[in-house]
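Participant: Sequence:
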Amino acid sequence: MITVIVPFCILLAIILIKKIPYIGGNIQVALLITGLTALLMGGIYNPISWLTAWVNGIDRIAWVMALTIFGSIYAETQVKMGTMDTVLNVMRAWFGHSPKGLITVIIFSLCLAGSLLGDAVAASTVIGVLIIKSLDEMGLSGEHIACTIVMGASLGSIMPPVTQSIFLAASLVGIDPTPVTNLGYITVGIGIVICCLYVAFTFVKIKSLPEDLIPKQKAGAILKENWKVLIPLMVLVFIILLRLIFKIDVITLAFGPILTVLKDIKILKGLTNLIVASLIVVTIISCLYPKVRNELGGTLWTGIKNVKGSIYIQGSAGLMLGAFYAAGQIEAVKNFAMGLNANLLKIGGAASLNLIGMLTGSQSTAQNSIFAFFGPALVELGIDPVHAAIAGSHIAASGQGMPPADLTCFVVCGLVGGILGKKVDPLKTMILNLPMCLYLFAVGFLFMFI
Numbered sequence: 130m131i132t133v134i135v136p137f138c139i140l141l142a143i144i145l146i147k148k149i150p151y152i153g154g155n156i157q158v159a160l161l162i163t164g165l166t167a168l169l170m171g172g173i174y175n176p177i178s179w180l181t182a183w184v185n186g187i188d189r190i191a192w193v194m195a196l197t198i199f200g201s202i203y204a205e206t207q208v209k210m211g212t213m214d215t216v217l218n219v220m221r222a223w224f225g226h227s228p229k230g231l232i233t234v235i236i237f238s239l240c241l242a243g244s245l246l247g248d249a250v251a252a253s254t255v256i257g258v259l260i261i262k263s264l265d266e267m268g269l270s271g272e273h274i275a276c277t278i279v280m281g282a283s284l285g286s287i288m289p290p291v292t293q294s295i296f297l298a299a300s301l302v303g304i305d306p307t308p309v310t311n312l313g314y315i316t317v318g319i320g321i322v323i324c325c326l327y328v329a330f331t332f333v334k335i336k337s338l339p340e341d342l343i344p345k346q347k348a349g350a351i352l353k354e355n356w357k358v359l360i361p362l363m364v365l366v367f368i369i370l371l372r373l374i375f376k377i378d379v380i381t382l383a384f385g386p387i388l389t390v391l392k393d394i395k396i397l398k399g400l401t402n403l404i405v406a407s408l409i410v411v412t413i414i415s416c417l418y419p420k421v422r423n424e425l426g427g428t429l430w431t432g433i434k435n436v437k438g439s440i441y442i443q444g445s446a447g448l449m450l451g452a453f454y455a456a457g458q459i460e461a462v463k464n465f466a467m468g469l470n471a472n473l474l475k476i477g478g479a480a481s482l483n484l485i486g487m488l489t490g491s492q493s494t495a496q497n498s499i500f501a502f503f504g505p506a507l508v509e510l511g512i513d514p515v516h517a518a519i520a521g522s523h524i525a526a527s528g529q530g531m532p533p534a535d536l537t538c539f540v541v542c543g544l545v546g547g548i549l550g551k552k553v554d555p556l557k558t559m560i561l562n563l564p565m566c567l568y569l570f571a572v573g574f575l576f577m578f579i
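Sequential numbering of the sequence shown, starting at 130, is according to this note's numbering.
I should point out that these hints are in silico values taken from the structure, not numbers from a laboratory.
Ideal Cβ placement from N, Cα and C applies to all residues, glycine included.
It is possible that part of the hints are untrue.
To be verified - In silico DSS-like pairs for lysine-lysine, Cα to Cα no more than 30 Å straight-line: (1) Lys347 - Lys434; (2) Lys475 - Lys262; (3) Lys334 - Lys475; (4) Lys552 - Lys148; (5) Lys345 - Lys334; (6) Lys336 - Lys551; (7) Lys434 - Lys395; (8) Lys229 - Lys334; (9) Lys262 - Lys392; (10) Lys557 - Lys148; (11) Lys420 - Lys434; (12) Lys229 - Lys347; (13) Lys334 - Lys147; (14) Lys420 - Lys551; (15) Lys229 - Lys475; (16) Lys345 - Lys392; (17) Lys262 - Lys552; (18) Lys357 - Lys434; (19) Lys420 - Lys552; (20) Lys357 - Lys376; (21) Lys345 - Lys357; (22) Lys392 - Lys347; (23) Lys420 - Lys353; (24) Lys262 - Lys376; (25) Lys148 - Lys262; (26) Lys395 - Lys376; (27) Lys392 - Lys420; (28) Lys336 - Lys434; (29) Lys398 - Lys552; (30) Lys557 - Lys437; (31) Lys376 - Lys336; (32) Lys147 - Lys475; (33) Lys357 - Lys347.
Said to hold, decoys possible - Label-pair ranges, simulated between beta-carbon atoms: (34) Lys148 - Gly385: 38 to 46 Å; (35) Leu326 - Pro176: 33 to 41 Å; (36) Ile387 - Val184: 16 to 24 Å; (37) Lys551 - Gly511: 49 to 57 Å; (38) Tyr174 - Met130: 16 to 24 Å; (39) Tyr314 - Asp378: 25 to 33 Å; (40) Gly550 - Arg422: 40 to 48 Å.
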């Protein structure tokens, strides 16, 4: 485990100790040095092997990078069209007199989107971009805005009915997911309430919105006047829900041959992610609007420029991620868990499951690599399979949201920074996100003992 602990400590030290000459506080440098350290400690000294690991790491998160780029371009088209202003004004008309009420509704909206989409990044991109300016005008910092969006979308992605983590955990212990999802409504529901209280009383400092920010029109009148600008957003939601509910994949039906070719090409296969492809489609639809079409070049360039820094960070994270796989850090965590005796299995297995989620930024990777044997082992110890599945899904989701590799956080920070034109620190956002992660871990840990 020393090969895991040392790189992780180096990463945190460089990022947190800003007095380190030249590199202190530089996230990109921290990620690159961490990756190189992991490779060297894993006995990989050939620069060609380093490059291969880097490419493989970027390939693993190519869809996240693609989502960041096209999500930003899509967001920029919505700014030009006035979609964000319409959504913002409707929300202000409904809830504008209570900042705490407004931010609570925003979190619930993100949770609803996440529970329907089953994906935190998708919910953050589809809904999150529409409320960033609203939160900014409430006086929240970039990190507070990003944390609010990440919390809402992440909890929503775990919340049934569409919940990847719970379905996967149930399948790994070999049970019907229905009783697990029924418990999930309760555990995640409590988490949503806790996060609403945390955000409302920690991030929101104003008692009411200025009168000039509250539209004089009713919400219905605003929608009646501006419904046309919501068409691309509605098309995006329709495409996604059509696939999830009726299993009709419009994107694959329309662009199947192109997607098939791209899936075999490293890094470019990130474009085959169905959320990314859907964003590209609705961005093209948005380009039909005169306000976007007449300034198309500037809109595209602004969208890309806005997330340039985030893409650099994600590219650097690709080296770290690829190094962890190539140099054996992921395998070391697996072996650590497998070598534990029965008395330490619960604690060590939970720690390993959480750590894999932290290192990869993926609850599915954590579950497939650790819970695949940890889950059945818990059942062998006499734990109710339903409780074991709750434990696995919640602990893995907890690790996914913790530093240093929360992919949702990287995407959202890029979008927030791009739209507001300011630097948003992903690590600080992940730290602000810890109350949600600790709650999920506590729930999962508790269910191993009841």
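Participant: Okay, which hints does this one fail, numbers in order?
Facilitator: 1, 2, 3, 9, 15, 16, 22, 24, 25, 27, 28, 31, 32, 34, 35, 40
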